[in-house]
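> The listed protein sequences derive, respectively, from chains A, B and C. Residue numbers are given in our numbering: position 247 of the first sequence equals residue 247, and the series is strictly consecutive. Residue numbers are given in our numbering: position 33 of the second sequence equals residue 331, and the series is strictly consecutive. Residue numbers are given in our numbering: position 366 of the third sequence equals residue 1033, and the series is strictly consecutive.
It is possible that some hints are incorrect.
Capping the alpha-carbon separation at 30 Å, the derived lysine-lysine pairs in DSSO-like fashion look like this [said to hold, decoys possible]: (1) A:233 / C:777; (2) A:233 / A:77; (3) B:557 / C:1084; (4) A:185 / C:879; (5) C:721 / A:185; (6) C:739 / A:77; (7) C:879 / A:159; (8) A:159 / C:1046; (9) A:77 / B:484; (10) A:159 / A:185; (11) A:185 / B:557; (12) C:861 / C:1054; (13) C:1084 / A:185.
Hints were generated in silico from the structure; no laboratory data involved.
Next come the chains, spelled out residue by residue.
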Amino acid sequence: MFAATLRLATPIVYGSLGGLFSERAGIVNIGLEGMMLTGAFAGVAVSQFSGFAWLGVLAAVAAGGLLGLLHGVITVKFAGNQVVSGTGINIFALGFTAYMSQVLWGSRGASEGYVPGLPPISIPLLQDVPILGDIISGHTPLVYLMVVITVLSYVILFKTPLGLRIRAVGERPEAADTAGINVFKTKYLCLIISGMLAGVGGSFLSLGHLNLFALGMTGGRGFIALAAMILGKWMPFGAFGASVLFGFADALQMRLQSLGILPPQIILAIPYILTIAVLAGVVGKAIPPSNYKPYVKE
Amino acid sequence: MQNLSERLGTLVRLLRGLLLRLLADLRGALPKMLPQVVAILLAFLVGAVVLAVTGYSPLDAYGAMLFGAFGDASGLGQTFTQATPIIFTALAFLFAYKCGLFNIGAEGQFLVGAFAAALVGISFGGLPAFVHIPLSLLGGVVAGAFWGFVPAILKARLGTHEVITTMMLSYVALYVTGYFVNYPFKEPGGWTAQTVVISPSAELPRILEPTQLSASIFVALLLAGLTYYTLQRTTIGYEIRAIGLNPSAAEAGGISVGKGIILALVISGAMAGLGGAGEVLGVHRRFIEGFSPGYGWDGLAVALVGGLNPVGILLASVLFGALRSGGMTMTRVSHVPLDIATILQALVILFVAAPKLVQYLMKRGRSKR
Amino acid sequence: MRAIRKKFVDVVANDKIDFTVEKGEIHGLLGENGAGKTVLMNILYGLYRADEGKILIDGKEAEIDGPNAAIKLGIGMVHQHFMVVPSLTVAENIVLGNEPTRNKVLLDTKKIMKDVKEFCDRYKLEVDLKAPIHVLPVGVQQRVEILKALYRGANILILDEPTSVLTPQEAQELFKAIRALREQGKTVIFISHKLNEVMAVCDRITVLRKGKVVGTVKASETNVNELATMMVGREVSFTFKKTRPATKKTVLRVEDLKAFDDRNLPAIKGVSFEVHAYEILGVAGVEGNGQTELVETLTGLRRVATGKISLLDMDVTRAPPHERIEQGASCVPEDRHKRGLIMEFSVMENIILGSHDRPPFAKNLVRLDIDEASNYAEKLIQEFSIKTPSKDAPAQHLSGGTQQRVVLAREFSRNPKLIIACQPTRGLDVGATEYVRSKLVDMRNNGCAVLLISADLDEIWALSDRIAVIYEGRIVAVKDPEKTSESELGLLMAGAKSE
């Protein structure tokens, strides 16, 4: 079950890191859900079409990045409302993926046919370690990648000039502007990164385990990722930890289902109730680092 | 003691005064709605591109949609039937929005309201209609209000972001009602996940046979008027708007921000719940799993497209109702996937979300001439 | 800068301004609030773009399309409202935008510290480099701002109202630093509306009024009165007649009040005072010494830790704002954008705020009586000469002075027993300032108790019957104006002496 935890946490980790980059630059990314979903779809579609799973992942990255850019254009260039834009992207993703799957596979929201997936890899020495080996080894590469990206996120945000500028842009855009930093470009960059990360997370959902696409398969994970980000106090390692927690809840829910103690619907509701409970519990300590007002120059 | 004719006269004068004021406000509001109209047109344009690229003829598709929605009495009836629940959820979003809150869980509040109304409608079989109907509607209101209360109190007391909590509760509502309708309250002997029919005394009458259009639309219209009145002409509305625009100044002016937030979200949930109740009592007469094709989301789009005022919402609801009813015809006739309607909806939201975009395009259009 | 013109919406902020600064001089840019000084300098720094005109640096025409361009030309600016990123350290703030790196990717923390320390030593500005900015006092933050500009290689340094957040003593320190900069060959442009300071530190002074240049003079060849006339264009009266002396009747009593600020640090550390009817108690102090928190506790917007607040012998320590308004407390807040007005609401809607849920505006507690509200609004617009196209105009369309009139109209027409006025003339021009002050005195003469909290010592001096000084959350002295002096108050404000 712990292996399942890592697996189930993966899309949430990517999502929460994506949300993190966006929010650190001062933009709320409610559209993570939609970016993930589109990523999931793009991954499956391109993977099937090309025969290479990794190409699918790349496509997911591109799709997510594009949606991130869209969110950026609306909220930054046109000073649109961030929540509305994000929600619009979510609805668009739902409709678009359902529509396109009908077009491609003739069935509304479910892929047909063989889809090359990402192969699991076993880490040579680690896999022989009792208990721990089973948990850690044998996952698809994206799971390992998520650890790398988490560390990378921390390094970028706190150890590089770029990260410094991102944080400045998010906290006090006027100060960054006066210091000569291009506020708009920085925000765009972060949103594109945000979308790309969400896309990867989405592609893992579809390619990493099930090798198919199903209507609305992200099931609210984009929002759970946001909750994980908040719980993790907008820090990469915190978000990672929080996501693992949610992954655990998900794994628990699946195990409960297979045990058949409670009716499936109630069990399915658990992760969502947990998210609410967790958010409520983070009271007061959850002060976002950024100022979310759109930055307007004269 | 005034006699009847005198009282009637005052009533007529009052109504006329209200109507004139409404029309005056409307005339003021319409030109402001130009950006929304442009946004709609742009959305349809992009939608046409999507259709064309995937091998369908936009003209055929839109034509079928138009005919399906407005071409004949049954289509028209279907359009208004589809518009009705959307009016409720749009008003719900609007009301919360005026208080600075994003209630994106209208879908969930709608569902629980629907289920509660179904329950009340099924039980209490022996009541006269004029008691049973309001009682069932009340059930929906209470359920929706409760579904709005949870995120409300979390926000007011703990500052928890209502976007995530309302969204999560939507899923919870989906699963909880799903559970109830699949197990304890499932109609015995059938395969479909639905409850038994409500008793006839709880049914909202149909007003345009043989379409499904029910008296629920009157409730919706009444609610729209009530919303307008509450927001503009009562102290509660004043306080809610004040909180939405500037909570600091509102607080300094003696307004209790916490109470206002709770009230706004509870009323918002209640409205959505009422909409769900109306659907069950008027159209389906029972609770069926998955009966809502996403009315909550339509409501969000409609509230935005309608320029966040009750009149615009009514107009935009008809538009989206047309999308749904016309969409069904369109799928039947030209085999375009129904989801194009969702795509159009999303495009409208995106274009409306960026008012400056539309302004920018309008300016460019003007300068080109 | 030649013939600079900059138009904002329908207000011409800079009207064909010719402005010349010589190398190595300290040049003062003097004018009222709203005269256009900041706008002009923002153009020079690239934050705004002029509609017409050109800028010449060292005789060569310069295109300044953003701060980066200005920085490259050696122009640095320290704004009135600090542009620091709160959570970053001092060192990080200084190098922002120009960060030294190791292998081009990672931040070179060691080099940052070394470089910045070198700078501090060179310019004799002492700062703790590792501290996150938000814990440092304001005077130090300003020093960081100056260091930041110098670090980027500024030769022309623009200081926008730098003393607005300093005590008189800290201001002297700043002047010393500015003169040191001049010795180093730097050019300083000193924006201010304070005559005495400009006379004290500048070589030459240019006066702006309503967007136009009135004239440029050498400090040595002019005096304060001449400058004042240039600034304002007419004689301004600053004395107000007080009718009867203060009574013994205590309207507001504060006993050993303690409260915390937003970061849970003690902000008010045991404050006690009284305000009587027919009296203005002026509380002098540099901003950031607990005034904001004090006002918030008095108006019910902040929780009191311990202590007691009584309004006319009624305990209102834990009463919500609503109740205090009902008991006769009114407040003119320091930030009319945040606490004072709802900018998107109309003038009428703003005027009834606070009384909106009581008769005569609320019939049967639910329905708003629009007609009553309209009449009331019209009456007040007349009475207070509020310059608005109509009572339905949104507040954000009004000028700053007019907005303040709306706040005054609302708060004073409730016939309050106590008025709390916090920085009431901040950001207003002389005419509006005169009006606000005269109205405060009127209310006092009608029996009101007025608590005036201001960082403007002249204001405190002109209006108060008694003067208290607040420093680091404590009242360090209460003085009779006739028995003290500005310099003594200045010392108290800086925490020097204590009773």
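> So, against the hints stated earlier in the document, which numbers end up violated here?
4, 7, 8, 9, 11, 13
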